[in-house]
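For reference, the chains in residue letters:
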Amino acid sequence: MDLLSQLQRQLADFTASLYREGFVDDQFTQLQKLQDESSPEFVVEVVSLFFEDCEKLVNNMAKALEQQVVDFKQVDSHVHQLKGSSSSIGAARIKNVCIAFKTFCEAQNREGCLRCLQQVNHEHAQLKTNLQTLFTLERQIVANGGSIPAMQ
Amino acid sequence: MATAGEILRRSLTEEIGFSKESVSGSEELHVLAVDDSFVDRKVIERLLKISSCRVTVVESGTRALQYLGLDGEKSSVGFNDLKINLIMTDYSMPGMTGYELLKKIKESSTFREIPVVIMSSENILTRIDRCLEEGAEEYILKPVKLSDVKRIKDVIMGGEVEEKNRGVRKRGREDSIYSLLSPSLVQSSSSPAFDFLTSELQSSKRPKLQTRD
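Residue numbers (full-length UniProt numbering), protein chains in the order written: chain H, 1 to 152; chain S, 1 to 213.
Treat the hints with care, since some could be wrong.
Said to hold, decoys possible - Listed next, the in silico BS3-like pairs over lysine-lysine satisfying Cα-Cα at most 30 Å (straight line):
| id | chain 1 | residue 1 | chain 2 | residue 2 |
| --- | --- | --- | --- | --- |
| 1 | S | K104 | S | K83 |
| 2 | H | K73 | H | K63 |
| 3 | S | K83 | S | K145 |
| 4 | S | K103 | H | K73 |
| 5 | S | K103 | H | K33 |
| 6 | S | K104 | S | K145 |
| 7 | H | K33 | H | K128 |
| 8 | S | K106 | S | K83 |
| 9 | S | K49 | S | K153 |
| 10 | H | K73 | H | K56 |
| 11 | S | K83 | H | K128 |
| 12 | S | K145 | H | K56 |
| 13 | S | K49 | H | K56 |
| 14 | S | K104 | S | K150 |
| 15 | H | K33 | S | K150 |
| 16 | H | K73 | S | K104 |
| 17 | H | K102 | S | K49 |
| 18 | H | K63 | H | K33 |
| 19 | S | K103 | S | K145 |
| 20 | S | K49 | H | K33 |
| 21 | H | K33 | S | K83 |
| 22 | H | K73 | H | K128 |
| 23 | S | K83 | S | K49 |
| 24 | H | K56 | H | K102 |
| 25 | S | K150 | S | K49 |
| 26 | S | K83 | S | K153 |
| 27 | H | K102 | H | K63 |
| 28 | H | K128 | H | K102 |
| 29 | S | K83 | S | K103 |
| 30 | S | K150 | S | K103 |
| 31 | S | K103 | S | K49 |
| 32 | H | K128 | S | K145 |
| 33 | S | K49 | S | K104 |
| 34 | S | K145 | S | K49 |
| 35 | S | K145 | H | K33 |
| 36 | H | K102 | H | K73 |
To be clear, the hints were calculated from the coordinates, so they are not data collected in a lab.
Build out the structure end to end from the sequences listed, making use of the hints.
Laid out in structure tokens, this is it:
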């Protein structure tokens, strides 16, 4: 198998595993459809925006949860935003943590919230690494004369 | 098959003075998108551009009103220059919600004919009802997909945008008792059958459409 075919095979397998393990969902596939010659870096751009947004929101949540008297409505509103943006890009695991996070906010459960915050951080880091791997593979394929296959 | 549907559509658009030329096939739909989330703004902008729409994206209801010249400030841009054909707004936004924005638009004599689509991650029936009652064209669930944009565009381009014809009321992707039309019917918006159905569903607001069948 030549290098290009190997890379393409790797990409296909890696992508399939991301879906299978629930890191990304169908909405991530939708994003691929929005990328074309006129916007060739769209997925990378929107994913970067998401990670920035995520970091900012996580910081805000952490600050709010550190307060003597926690404003759970505030925390909830940050979680709601994160849930929305993670859903928009297909970051399924993060979105799911947000769903649980919201119920802890509603229950005004500080411990539960802190656990969810930790989980968000963990999932954020994992997804970032995974997508970086994905994008690197894609770049290598393009550099070797191939084109990125459509996501299944 | 000729079409009572088309004749009706033409006469309706003349009746309300809505210029179909502004959304004819040769021109692009100009969409004003409103969302407070960076990520969602980027996605909706791309969804619309790839669907061959001209897009203006703003981050809040206040900005949207400013753009339209409805914020009380004298705007140098008249309605004709803007030619907004569709407004898509997020529901939950700080400051002015999408619902409040919808109300302001429907209260404006200049802009009330522009279809407004509400986007929300929450499938809350009372909220959906309220938006539709206030005149929203549709309430769609986030995350927004390419097929949602395509469907909305088809409906708008079909010319069925005036108040009397708001038969397309998709509540959410799940079927609910409130769905007046199934998505498959929505797609065939150019068929006389569709026009007949919409007329059937608009009981009080307009005269019954006579079709040949």
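Results of checking the hints against the structure:
1. K104(S) x K83(S): Between K104(S) and K83(S) the Cα gap is close to 18 Å, so the pair holds against 30 Å.
2. K73(H) x K63(H): 13 Å, holds
3. K83(S) x K145(S): 25 Å, holds
4. K103(S) x K73(H): Holds: K103(S) and K73(H) sit about 26 Å apart, inside 30 Å.
5. K103(S) x K33(H): Between K103(S) and K33(H) the Cα gap is close to 34 Å, so the pair fails against 30 Å, i.e. violated.
6. K104(S) x K145(S): 27 Å, holds
7. K33(H) x K128(H): 21 Å, holds
8. K106(S) x K83(S): 16 Å, holds
9. K49(S) x K153(S): 12 Å, holds
10. K73(H) x K56(H): Satisfied, since the Cα-Cα distance of roughly 17 Å is no more than 30 Å.
11. K83(S) x K128(H): 41 Å, violated
12. K145(S) x K56(H): 26 Å, holds
13. K49(S) x K56(H): Holds, at about 28 Å.
14. K104(S) x K150(S): Distance of about 26 Å is within 30 Å: holds.
15. K33(H) x K150(S): 13 Å, holds
16. K73(H) x K104(S): 27 Å, holds
17. K102(H) x K49(S): Distance of about 33 Å is beyond 30 Å: violated.
18. K63(H) x K33(H): Violated. K63(H) to K33(H) sits at ~37 Å, over the 30 Å cutoff.
19. K103(S) x K145(S): 26 Å, holds
20. K49(S) x K33(H): Cα-Cα ~12 Å, so holds.
21. K33(H) x K83(S): 28 Å, holds
22. K73(H) x K128(H): Holds, because 28 Å separates the two Cα atoms, which is no more than 30 Å.
23. K83(S) x K49(S): Distance ~17 Å between K83(S) and K49(S) Cα, so the pair holds.
24. K56(H) x K102(H): 18 Å, holds
25. K150(S) x K49(S): Holds, because 11 Å separates the two Cα atoms, which is no more than 30 Å.
26. K83(S) x K153(S): Status holds; Cα separation ~15 Å.
27. K102(H) x K63(H): 17 Å, holds
28. K128(H) x K102(H): Since the Cα atoms of K128(H) and K102(H) sit roughly 23 Å apart, the hinted pair holds (cutoff 30 Å).
29. K83(S) x K103(S): 19 Å, holds
30. K150(S) x K103(S): Holds, because 25 Å separates the two Cα atoms, which is no more than 30 Å.
31. K103(S) x K49(S): 27 Å, holds
32. K128(H) x K145(S): 23 Å, holds
33. K49(S) x K104(S): 26 Å, holds
34. K145(S) x K49(S): Distance ~13 Å between K145(S) and K49(S) Cα, so the pair holds.
35. K145(S) x K33(H): 10 Å, holds
36. K102(H) x K73(H): 10 Å, holds
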